[in-house]
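Each chain, letter by letter, is given below.
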Amino acid sequence: MQVRLGYIGFYPQDFGDEYVMHQDLRDGVRELRKALRVVAAHLEPGEDSKPSMRDLGTAVDGLRGSIWGILQDAHTDDLREYQAEVRVARAGEICGLVLEHLYTATIRPDLEGYEMLRASLRELHAIAGKEMG
Amino acid sequence: MSELDRAITFIDRALAEIESRLREPDIPISALEDFKATLDSTRTVVQAIIGASGPGDYEHNVYRFRLRRAAQVCQSVLFGLLDGSINPSTPGLTELRATVAETLQHMDAFAGGADKTAR
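Residue numbers (the numbering used here), protein chains in the order written: chain A, 6 to 138; chain B, 1413 to 1531.
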């Protein structure tokens, strides 16, 4: 009977790089959940959750960096194109999110950053129009 | 349930989902991309909470961070277009241009309305 790796007779080295990658990510997620539990434990009235939130922020940043590294490694052959695609996708997502907030009027013109984004969008729209003809 | 409770519940659910996916022997790159997008949202939540001076401040901060982040990301696309690393063949650019036009139209109309109200 053939047994799938990872269940019986499991040795980490059998997975090679993939095992290491998954293990790193699993460790990162565990660390993040631990940080989250610490934050949740500080939610009692009068408690300051900010120091633990900062730890949580550090854990998030660490994990984001690891994942970005993995994604870039997976695209070594077309890294430049991949990075360009990711930037465009990210811009589309966040503009879509802002648009939703505009529809529900939760983002208002008096918010700090409104005019900065408006100017950036105007510039991007003009340049993209010129480039795309 | 406070905004912070809600945020923590959201992050915890997302992490549990990710943790279960990481048990799969072969995670597709698209799953990691989704994971990174979740972490980006989580980061905004964490920054908003750290920057909030009180419970009512939290949502205000989330919107403020989103506006700032959107401006930064749009600037990075703009630089990409100018240096040629982003060009008409980049997937998603046509859709982005449409989203940018719609967002700008709403922002202009909204700001115009606010200007008239202020007068």
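These are calculated hints, taken from the structure and not from any lab test. Source: prediction; values computed, not measured. We put the CB at the ideal spot given by N, CA and C, even for glycine. A portion of the hints provided could be inaccurate.
What the hints assert, rightly or not - Here chain A is said to cover these stretches of chain B; the calculated rule only asks that three of the stretch's residues, wherever they fall, bring their Cβ under 8 Å from a Cβ of chain A:
(1) 1442 to 1450
(2) 1453 to 1459
(3) 1478 to 1484
(4) 1490 to 1499
(5) 1510 to 1523
Unchecked claim - Not everything, but these chain A residues come out facing chain B in the computed CB check (under 10 Å):
(6) Arg31
(7) Leu61
(8) Gly62
(9) Arg69
(10) Trp73
(11) Leu76
(12) Thr81
(13) Gln88
(14) Thr111
(15) Arg113
(16) Arg123
Structure-based check of each hint:
Here the region 1442 to 1450 of chain B counts 5 residues with a CB under 8 Å from a CB of chain A, which clears the bar of 3, and the coverage holds. Judged by the Cβ-Cβ criterion of 8 Å, the region 1453 to 1459 of chain B is covered by chain A as claimed, because 4 of its residues qualify and three suffice. Only residues whose C-beta sits within less than 8 Å of a C-beta in chain A count toward coverage, and the region 1478 to 1484 of chain B has 6 of them, enough to reach three; the restraint holds. Under the rule that three or more residues need a Cβ within less than 8 Å of chain A, the assignment of the region 1490 to 1499 of chain B holds, with 7 such residues.
Requiring three or more residues with a Cβ within less than 8 Å of a Cβ of chain A, the coverage given for the region 1510 to 1523 of chain B holds, as 11 such residues are present. The interface hint given for Arg31 of chain A is met, as the beta carbon of that residue sits about 5 Å from the closest beta carbon of chain B, less than 10 Å. Annotation: interface hint on Leu61 of chain A holds; nearest CB of chain B at approximately 6 Å, less than 10 Å. A cut of 10 Å between beta carbons decides the hint on Gly62 of chain A: the least distance to chain B is about 4 Å, and the hint holds.
About 5 Å separates the beta-carbon of Arg69 of chain A from the nearest beta-carbon of chain B, less than 10 Å, and the hint is met. Taken as an interface hint, Trp73 of chain A checks out: its beta carbon lies about 7 Å from the nearest beta carbon of chain B, inside 10 Å. A hinted interface residue such as Leu76 of chain A counts as satisfied when its beta carbon comes closer than 10 Å to some beta carbon of chain B; here the least separation is about 6 Å, so the hint holds. Checking Thr81 of chain A against chain B by beta carbon gives a least distance of about 13 Å; that is not within 10 Å, so the hint is violated.
A distance limit of 10 Å between C-beta atoms decides the matter here; for Gln88 of chain A the minimum to chain B is near 7 Å, and the interface restraint holds. Interface restraint check: Thr111 of chain A against chain B, minimum CB-CB distance 6 Å, threshold 10 Å, status holds. For Arg113 of chain A, the shortest C-beta to C-beta distance to chain B is roughly 7 Å, which falls under 10 Å, so the interface hint holds. A distance limit of 10 Å between C-beta atoms decides the matter here; for Arg123 of chain A the minimum to chain B is near 5 Å, and the interface restraint holds.
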